[in-house]
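**Student:** So the protein sequences, as listed, match chains A and B. If you're matching positions, the first sequence starts at 1 in our numbering and goes up one per residue. If you're matching positions, the second sequence starts at 1 in our numbering and goes up one per residue.
Think of the hints as simulated: they come from the structure by calculation, not from any bench. Careful: at least some of the hints might be erroneous.
What the hints assert, rightly or not - Some but not every residue of chain A turned toward chain B, in silico, with C-beta under 8 angstroms:
hint, residue
1, 18
2, 24
3, 132
4, 464
Said to hold, decoys possible - Covered, in the sense of this in silico footprint (three residues per stretch, anywhere, with C-beta under 8 angstroms from a C-beta of chain B), are these stretches of chain A:
hint, region
5, 112 to 118
6, 250 to 258
What the hints assert, rightly or not - Derived pair list, reagent style SDA-like, types lysine to any residue, alpha-carbon separation capped at 25 angstroms:
hint, chain 1, residue 1, chain 2, residue 2
7, A, 304, B, 111
8, A, 510, B, 92
9, A, 194, B, 281
10, A, 194, A, 176
11, A, 194, B, 278
12, A, 304, B, 95
13, A, 304, A, 582
14, A, 194, B, 111
15, A, 304, B, 92
16, A, 304, B, 144
Model, not experiment: these values are computed from the prediction. For every residue, glycine included, the Cβ atom is placed at its ideal position computed from N, Cα and C.
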Amino acid sequence: MSRIGSALLPEVALAVTLLIAPFLLPHIGGSFDLLQRVLDWGLLGLGFDLLFGATGLLSFGQAAFYGTGGFVAGYLLVNNFLASVWLALLIGTLVAGLFGLVVGWLAVRRIGIYFAMITLAFGQMSYFLENSPLSAYTGGENGLPGVPVPAIGAVRITPGLPMYWLLAAIFFVGFVIARRILHSPFGMVLRAIKENTYRVAVVGHSVPAYKLAVFVIAALYAGLAGGLLGVFQSYMPPDAFSLDTSGQLVVQTVIGGVGTLIGPTVGAAIWLWLRDNLQLVPGIGALWKLILGLIFVALVVALKRGIAGEIRYLFSSRRQRAAAVGVPEEFGAAALSPGSLVQLPMMAPLAFARPGAPALRAIEVAKHYGGLRAVDGVSFDVRTGSIHAVIGPNGAGKTTLFRTLKDEVSPTSGEVLLFGRRITGLGPTRTAQLGIGKSNQLNQLFLQLTVRENLRIAALARRRGRFRADLLRASGSLPAVERQVEAVIGTIGLAPRADVPAHVLPYGEKRRLEIGIALATGPNVLLLDEPLAGMSPAERIATRALIRQIAEGNDQSRTLLIVEHDMDAVFELAERITVLYEGRLLADGTPDEIQRDKAVQDAYLGGLHEHEPA
Amino acid sequence: MPSAPLLISQAFNGLALGTLLALVSSGLTIILGTLGVLNFAHGALFMLGAYAIFVAATKTGSFIGGVLVGTVFMLLIGVALERGLVRWFYGRPPEDQILVTFGAGIVLVEAVRAVFGGDSQHVSTPAWGGGVAQIGFLIYPLYRLELIGIIAALLLLFYIVLYRTSIGLVVRAGIEDARMVGILGINVRRTFLLVFAIGAAAAGVSGMLYAPIVSVDPDMGAEFLVQSFVVIVIGGLGSYPGAIVGGIIAGEIVSITSAFNSAYSDVMLYAVMALLLVLRPQGLFGSEGRV
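Chain B on its own, in the form it takes in the complex (with noise of 0.2 angstroms):
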């Protein structure tokens, strides 16, 4: 049994991937439920936004001013890509949809190992984020810290523009029935194309704040991507708080197994993905009639 500071030390690192997860998660599941597109380019987005605060923030030479230069980036990414590619593909069977996405994940993957190499880059923490806090006994790395808090005001933006306002109230009905949105003499494609943007731009500020954290390289995505699947897995397709729930489940499984037996966290995350899926498909937050 492993010592209590550690299974609590254990239990900030799962929140500190939880929330990261859930702001990944959130972005891929607000262009499935509204656009029924799974987005298998995911995982490329974060990977890009890593190196967009890689650039940006040498450029510009402030953390923050490198956040909001990338977070411009990639919502211009994400128009691009829904206009140019996307788009075509509402109409066609999923399996299309999966391949063009994936397609997708390739070739922004390929293009900044082409520009940059596959060797991995660094990432300085910003000035404000270094050094260590100390919790009772409990010695944390500040950033890490200041990331759930970072992340966690997000996700609260997230929820407000999504639930609080008249642009979320047509993304949550179009998640419920796209076509009627249409009819009432709604923008659907509009709309559509905002949100992917907009989760775009969430996978994209997830890598730019995690960026400082690991090392940045072309594959650093894919690991992400997979876990944001068994995120919303989890979650329930298509649900915003099932990918905040799940996200966190998902954090603690990885960072409370390994203080168990390391070589077990990742088995134990598709494990239970795995469970998930033959004992509640729907996930926590989905309805049945989704699946």
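Bound-form chain A, shown alone (with noise of 0.2 angstroms):
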């Protein structure tokens, strides 16, 4: 099958599935009533499935928005305020868009249990408002009858398969625009905060910005959802609010495969077929709802992708094992082609910076946790365009001192400047977005992702900027990212790996994909937090290799700085070195000068030699 055949296979299935459900369905116990609602509960699935199936965010307040869309369009066409039934779907949509706006600003900012508790909390208040202090509007326990159907020119659109062409028509065209979504730059970044959503940050994305818009998204594919519920079954119900509407979505999602786009809707046909024909059969009439409750467990429990999600992971599971084959178990060092001449990514010299100012600067930097001191008083300069190691013994404060450079963690006195600018105070994100890149002591991996996924994650970070809603691009579509992307993985020796997920990776690999990481995004100023941690010793060489070569390219314009135990790639590689002892600083110099410093020798070089045969 060609490439453009395949990609677009998804929505060749659905249209094909569109047209002919009205034809067989009704032979296999489903009516155009069912087939309608299916339809919509799948079109709020929709939105949902890129909160929680991409994004990791699960609400239990779907319900809010759902309501919010049904009862504004329903309010409006059942006062005549709006001849226009179309017009009203749109405002319906728009105001439950905006209702998403502020319960998501909320609520973004808080994880897990937290984030759960807040959506579940304005899903009642939505239900509450509806139900009494709005009843003269909403009907109140009534809901709203008489909801008109739209028509299109003179043609009304009447209930039965004239409604059923519109709710999939609609449906199609939002299941599109959704998976669209999920290719993009945007949806991209979105799959990646699920998986880590720290490295997401500190790469440079702006997180509650991108959690903030999927949830307006999600709360605008709730609102028309809910609009449409009104018009076709010409009646808006106070249930749309209810915590059953959100839990329903919950369990219909889960079951149909969550992540699949498609789940919630094949959820929501699975839900509501049981309901219509299993409540006729005598006996078993009342269980449906437990039969669905205990699958529902079952699923959860096994760790199983639903029904949408096995088909998928058939398919992929097959193309992935493809991909894998011919390729070897380790690759270890001599994949690495130290001294290639490709060109790495870096940003262009940064506007703000001055000239002849260090690229980094710490001043009097402390950090205190409590009574510990972990960093007390340190101030050091980096030059631009050196390799400069910081050294010291366990617990002397170099990975805290790392962090502070960044601002993953704010000091709790002095300041960092970056090329002569300020950054303390500015939080991980925007001291990417000005050009520091940092690979960390543990691995911060998108596992679930490819190589060149986790790679492009970076590298959209600084050629986009913090955020952007480009949600209708494809992700793979930026030349400059692309061009990027490809550098690096050639540089760190993963072009074979390109297309494995991270997780299938030996330890080796995933240290340099770690590396690779930091890289990709362009720093001006590298942090590197014990790059050689845990590697065997052929890695260890190819790996200092690699970091020369990331020191050399780009006119040797960019600054590197290193923490490192490894005290021979250390004087190897650096042209200055920082000595940390106790979280202050002991010594800063040349290698001759630190390697003759009499404190050095005594707090730690001559300790370490002792002990360890390194």
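Mind docking these for me? Both chains are given alone in their own frames, and the hints should help you get the complex.
**Tutor:** So, in structure tokens, the structure goes:
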């Protein structure tokens, strides 16, 4: 199958299903009413799946937006404020989106159980608002009867088949848009947030902005679905706002398949089909929801992917197995090609940079945790274009110092200047945008994403800025980003692994990917926290060459700051060394000066050489 | 402005609802604090308690006997849930924990519906709780008054277990740092089991005591689940004193607001929760670091 053909397979399959469903389903216990409900739930589910399936935000309050969209549209129509059903649907959708903006602004700052509880509480608040204080407008417990059907020109879209076609068309468009969003750079960032929120933030994406945006998108889908609910059944029910609505959506999504977009629709079809058909069977009629509940629990317990998820897994795992064939288990050093003349990514010189200013300057930086002074008043300069190492025994405060340099944690006192500009207090996202990249002592990868995607997320950050809603662009379609990604993949020696998920990589390759992510942002200052940790001797040699290559590329304008315990590597690579001891600066000088320094020998080097035959 | 007697009467109602919410939420909060699991099945356990008293009181012919039998039943349900389901989720992301307890709640509700049907059942007020009490100008149903006393006694008992026994010390230490407690050689697994069972029983006993006041039906727990979320957000996640103070605050918000305009009573509750989440997300008694 051609590339384009297989890329559009889901759309084609959906279109065919939607076309034949009304002729097939009535024979197996499905009415038009059921089909319309399935599509309406499915539309609600598209937004929810972007929120939960893609981004990992479990909301128990989607009913708030579903109900808002429905009641705003219904109110405008039933009271004849608007003649056009289309316009009423549009306004209802937008109001739901606006409500989503408010709730989302409060909710996305929290994660996990807090997020679930906040959304749940707002869902309930909306329910009670509809029921009592606003009942003069919403009909309270009675809802709004008599919602009119839309018309195209003079043709009214009557209940039955015409109404089905309308819902099918809207659902199809909604699906295509949702899938485009999922595969856009924006969607790429969403998926990365689900995998590793922290790393997304520190490579330079504004995580709260992306979460809020997807929350609003989900609210818009919910609002439209709510409006259509009133339209196709000529009645807007108050249950749209109920906790059961939000809960049913969650159950349908898990049964159908989280993160598949079509999953919620499949789940809705099963839920509604069982409800309509099992209820007629004597003896087990009342049990249909119990059965669904048991299936739901079983799926969650066994970590199963749901129906659509299993189908997709069968296809994709075959593809992945094919991709992995022929790749040797461990590339190790052989794949690295030091000295190759690839132009590594680095963003243009920074506009704010003051000529002659050091790349990084720490001024009296201190970080105290209660009574513990992890870093205690450290000052030093890192010259632009140099390789600078920070060494010190375990617990000297190296990693904490590194975190303050990128402002992952703000220092208790003191400040950090980047090319002369104060960056303390800006946070890790902004410092990444300003040009500081950092690889961590412990790998922070996007394990379920491929090597190329891992690097792409990093490369997108400075190219697109902290936030951009490029919802409909394909994620691999930014040439500058792709060039950046390919250059890094080649440099870190993972080209044959480009399309393999990161979690299958052996440890040494994961370490190189960790460095690669930091490099792919195109940093002007690259901080490497123990880049050689846990590597085999052969890998260490190769990685040392890699670091040298990174430093020498781009006309040696990139600045590298390294924390490392491997003294051979430090003294081979570094032009200048800063020694920390118990949170304080012990010495700062050239490798020769450090080697001769009596205090360093006493406190650190001597001790180390006695105990470690490194 | 509502009259003074109405306000006082509503304040009593608020106290009755508030202490009940405190008892329900204390179960939720110790499970959350110790196990780190937000138990979405808590409302279903409340409902199950109401059905337990419905069956047990009929069978034993005594309300107190029914509560005792029912409490044992709820402890067993708690043990079964923890051993059979929840314990597999301690290491999984919070979203999975929420999903599985939410699912367990659905199963419990639907199982009760399958056995007893969807119609509401009636549990009669015990003989010692019939009639009304007259306090000055205020005439108040006796059982509700007694309920405040009974629940206060239960909360005190709970407090003594948590703060004055060695088991309680382990539980409170587990709330701070479960792994460290395990490293010290204490059987955390057994503590977790115990906490979950007690938490489930707290929800169940609340349901039993509340059953004579309301109609008992399979869906009665949902409202209490959500309200107890509000309570623990007000009081601070995982804080036992927070659950008690938060419960009474929540009960008073609902009752006092309805003295002014009953349409706004529930809305006000969630508005306060939303406000608190913005201004003080750790709640009244929570510590900053746990948010």
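**Student:** It remains to establish, for every hint, whether it holds in the given structure.
**Tutor:** These are the hints, each one checked on the structure:
Because the beta carbon of residue 18 of chain A sits about 29 angstroms from the nearest beta carbon in chain B, more than 8 angstroms, this interface hint is broken. Against a cut-off of 8 angstroms between C-beta atoms, the interface hint on residue 24 of chain A is violated, since the closest Cβ of chain B lies about 30 angstroms away. Taking 8 angstroms as the C-beta contact cut-off toward chain B, the hint placing residue 132 of chain A at the interface holds, the least distance being around 3 angstroms. Hint on residue 464 of chain A is violated. Least Cβ distance to chain B is approximately 28 angstroms, over the 8 angstroms limit.
Residue count for the region 112 to 118 of chain A with a Cβ under 8 angstroms from a Cβ of chain B: 6. That meets the three needed, and the coverage hint holds. Only residues whose C-beta sits within less than 8 angstroms of a C-beta in chain B count toward coverage, and the region 250 to 258 of chain A has 3 of them, enough to reach three; the restraint holds. Only pairs whose Cα atoms come within 25 angstroms are accepted, and residue 304 of chain A paired with residue 111 of chain B is accepted, the gap being roughly 24 angstroms. The suggested pairing of residue 510 of chain A with residue 92 of chain B holds, with an alpha-carbon distance near 23 angstroms, which does not exceed 25 angstroms.
Taking the CA atoms of residue 194 of chain A and residue 281 of chain B, the gap is about 23 angstroms. The hint holds against a cut of 25 angstroms. Restraint check for residue 194 of chain A and residue 176 of chain A: the C-alpha separation of about 22 angstroms stays at or below 25 angstroms, so the hint holds. Of the pairs offered as hints, the one joining residue 194 of chain A and residue 278 of chain B holds, with about 24 angstroms between alpha carbons and a cut-off of 25 angstroms not exceeded. Among the hinted pairs, residue 304 of chain A with residue 95 of chain B is consistent with the structure: their alpha-carbon atoms are about 14 angstroms apart, no more than 25 angstroms.
With a CA separation close to 49 angstroms, the supplied pair residue 304 of chain A and residue 582 of chain A exceeds the 25 angstroms bound. This hinted pair does not check out: residue 194 of chain A and residue 111 of chain B have alpha carbons roughly 34 angstroms apart, beyond 25 angstroms. Between residue 304 of chain A and residue 92 of chain B the alpha-carbon distance is near 14 angstroms, which keeps this suggested pair within the 25 angstroms criterion. Distance check on the hinted pair: residue 304 of chain A and residue 144 of chain B sit about 47 angstroms apart at the alpha-carbon level, beyond 25 angstroms; violated.
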